[in-house]
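Novice: What follows is each chain in one-letter form.
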Amino acid sequence: MRYVDEFRNADLARAVAAKIAALADGNRHYKIMEVCGGHTHTIYRHGIKDLLPPQVELVHGPGCPVCVLPMGRVDDGIAIAERPEVIFTCFGDMLRVPGSKGTLLEVKAEGADIRLVYSPLDALRIARENPDRDVVFYAIGFETTAPSTALTLQRAKREGIANFFVFCNHVTIVPPIRALLDSPDLRLDAFIGPGHVSTVIGCRPYAFLPNDYGKPVVVAGFEPLDIIQAILMLLQQLADGRCEVENQYNRVVPWEGSLPSLRCLAEVFELRPYFEWRGLGFIAQSGLKLASAYADFDAELRYQVEGVRVADPKACQCGEVLKGVLKPAECKVFGTACTPEHPLGALMVSSEGACAAYHNFGRKALPMAAGAGR
Amino acid sequence: MCLAIPGRIVEIVDADLQLAKAEVGGVRRNINIGLVDSDDERIAPGDWVLIHVGFALSKVDEAEALATLKTLEEIGDAYQQELDELHASRIE
Chain A
349 MRYVDEFRNA DLARAVAAKI AALADGNRHY KIMEVCGGHT HTIYRHGIKD LLPPQVELVH
409 GPGCPVCVLP MGRVDDGIAI AERPEVIFTC FGDMLRVPGS KGTLLEVKAE GADIRLVYSP
469 LDALRIAREN PDRDVVFYAI GFETTAPSTA LTLQRAKREG IANFFVFCNH VTIVPPIRAL
529 LDSPDLRLDA FIGPGHVSTV IGCRPYAFLP NDYGKPVVVA GFEPLDIIQA ILMLLQQLAD
589 GRCEVENQYN RVVPWEGSLP SLRCLAEVFE LRPYFEWRGL GFIAQSGLKL ASAYADFDAE
649 LRYQVEGVRV ADPKACQCGE VLKGVLKPAE CKVFGTACTP EHPLGALMVS SEGACAAYHN
709 FGRKALPMAA GAGR
Chain B
336 MCLAIPGRIV EIVDADLQLA KAEVGGVRRN INIGLVDSDD ERIAPGDWVL IHVGFALSKV
396 DEAEALATLK TLEEIGDAYQ QELDELHASR IE
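For the protein sequence lines, the chains are A and B, in the order given.
So for the first sequence, the working numbering puts the first residue at 349; every next one is plus one.
So for the second sequence, the working numbering puts the first residue at 336; every next one is plus one.
Check each hint, because a few of them may be wrong.
[Claimed, not checked] In silico contact screen, one side only, chain B against chain A (beta carbon under 8 angstroms); selected entries:
(1) Val395
(2) Ala400
(3) Leu401
(4) Ala402
(5) Gln415
[As the list claims (entries may be wrong)] As a list, the in silico EDC-like pairs of lysine to aspartate or glutamate whose alpha-carbon atoms are at most 20 angstroms apart:
(6) Lys505(A) - Asp398(A)
(7) Lys505(A) - Asp480(A)
(8) Lys405(B) - Asp359(A)
(9) Lys367(A) - Asp423(A)
(10) Lys356(B) - Glu409(B)
(11) Lys505(A) - Asp375(B)
(12) Lys394(B) - Asp375(B)
(13) Lys397(A) - Glu409(B)
(14) Lys394(B) - Asp349(B)
(15) Lys449(A) - Asp461(A)
(16) Lys505(A) - Asp349(B)
(17) Lys505(A) - Glu427(B)
(18) Lys394(B) - Glu604(A)
(19) Lys405(B) - Glu358(B)
(20) Lys367(A) - Asp537(A)
These aren't lab readings, by the way, just hints derived from the structure by calculation.
For every residue, glycine included, the Cβ atom is placed at its ideal position computed from N, Cα and C.
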């Protein structure tokens, strides 16, 4: 239990884990999905699986924005970045995500003007500094990140910056969860709700989980103890026959979310009829595009992005892992053709991706779990 | 880009542009507070906020900020990379 000893409140976590073990029905198997990639990272990093009784299984969800971006959108981004008039700006996480013909990093090495930015406001500054170039920001992320892009666009509009464009790939968290529940492949019992997304959208949007699907959900923080507490709260709901939305992370997440952020989102974006997700296919009303009032800033309109659809590599089983049907190590190419150094699939690229997290930490934890007789 | 890092507000730089200076990992950088600063909740010097891609995502108390910092320090590389990117940021 080397990993467990490292974190704050390790004793408390063990006490909570003992309560989970006492509460878990020995004749039942519990499948709990943690939606957020940040949670996946914490779970592997700290070997949380080792603290849980064998009948409690954690399934990793689709909540890593880098990992769910389909290859076609990566190719579209690269096509924009290759245009000579463009300075292409993106988060560091995007540089190594493989498209069908390579990565942004490779295109950059061949001379494309691609700049890593920390914030969309850095991209806007670059636009101000380079009025004779088109500056495009590659926007990705869930509701956590989308308000930042929205506020940046509001500012660009207010200042009349005409050479700033956004290639919008923002997505929303509820539709893919619904799609997973509607998929016949997977039976889930309960959900650990994402922490940062919920600071923006609040807890109310998860009400469909208990109301329409009869699944409990607990919004959780990112410390190991947070996640273990959330698991206890879920098991308690199941044991009591309750089914509701609870907020374990109420020290940060307000029940109603962030009104200024939601206002920004509503003004700047509208829902696309469909958006493609890696491994999950097209999901209705799951992606955001710029509203017509912001059409002048829309890179898709400016460069007439066609929206090509590219199938994932045949060997790649990211879809099954994203749906929680396969564990990372059960993928045919895990750790062989697909490694963090040479990723085939996006789940291996981001440190929040289930495969990268498992590759970095999970394999070390496995022998200990085996040694513990699991 | 998926991390949210605690920083302490040291100065409101431009109330109209909703810019504040925050100290993060010993370095001071401009961030935007427009997503948390409202009539219901004012952001002032001394406040701790969680910072995500250059924007304050939520206001937190000091104990929460310090606990989050410790958790982040434990994750190592990904946190260091995020800090480096933040330190390279020049928001105006």
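Novice: Does each hint hold? Answer for all of them.
Specialist: Going down the list of hints, with the structure as the test:
1. Annotation: interface hint on Val395(B) holds; nearest CB of chain A at approximately 6 angstroms, less than 8 angstroms.
2. Interface restraint check: Ala400(B) against chain A, minimum CB-CB distance 10 angstroms, threshold 8 angstroms, status violated.
3. A distance limit of 8 angstroms between C-beta atoms decides the matter here; for Leu401(B) the minimum to chain A is near 10 angstroms, and the interface restraint is violated.
4. With a cut of 8 angstroms, the hint placing Ala402(B) at the interface with chain A holds, because the nearest CB-to-CB distance is about 7 angstroms.
5. Against a cut-off of 8 angstroms between C-beta atoms, the interface hint on Gln415(B) is violated, since the closest Cβ of chain A lies about 11 angstroms away.
6. Our distance criterion of 20 angstroms between C-alpha atoms is broken by Lys505(A) and Asp398(A), whose separation comes to about 51 angstroms.
7. Only pairs whose Cα atoms come within 20 angstroms are accepted, and Lys505(A) paired with Asp480(A) is accepted, the gap being roughly 18 angstroms.
8. Under the criterion of a C-alpha separation no larger than 20 angstroms, the hint pairing Lys405(B) with Asp359(A) is consistent with the structure, at around 17 angstroms.
9. Restraint check: the Cα-Cα separation between Lys367(A) and Asp423(A) comes to about 49 angstroms, which exceeds 20 angstroms; the hinted pair is violated.
10. Taken as a hint, the Lys356(B) and Glu409(B) pair is broken in the structure, with Cα atoms around 26 angstroms apart against an allowance of 20 angstroms.
11. Between Lys505(A) and Asp375(B), the direct Cα distance comes to roughly 26 angstroms. Violation of the 20 angstroms bound is thereby established for this hinted pair.
12. For a cut-off of 20 angstroms, the pair hint linking Lys394(B) to Asp375(B) stands: about 12 angstroms separates their Cα positions.
13. For the proposed pair Lys397(A) and Glu409(B), the alpha carbon gap of about 18 angstroms is at most 20 angstroms, so the pair holds.
14. Taking the CA atoms of Lys394(B) and Asp349(B), the gap is about 19 angstroms. The hint holds against a cut of 20 angstroms.
15. Using a Cα cut-off of 20 angstroms, the hinted pair Lys449(A) and Asp461(A) holds, with the two alpha carbons roughly 18 angstroms apart.
16. Only pairs whose Cα atoms come within 20 angstroms are accepted, and Lys505(A) paired with Asp349(B) is accepted, the gap being roughly 18 angstroms.
17. For the hint pairing Lys505(A) with Glu427(B), the CA-to-CA distance comes to about 16 angstroms; that is within 20 angstroms, so the pair holds.
18. Restraint check: the Cα-Cα separation between Lys394(B) and Glu604(A) comes to about 15 angstroms, which is no more than 20 angstroms; the hinted pair holds.
19. As the CA atoms of Lys405(B) and Glu358(B) are separated by approximately 16 angstroms, the hinted pair is consistent with the 20 angstroms bound.
20. Straight-line distance between C-alpha atoms of Lys367(A) and Asp537(A) comes to about 19 angstroms, which keeps the hinted pair within the 20 angstroms bound.
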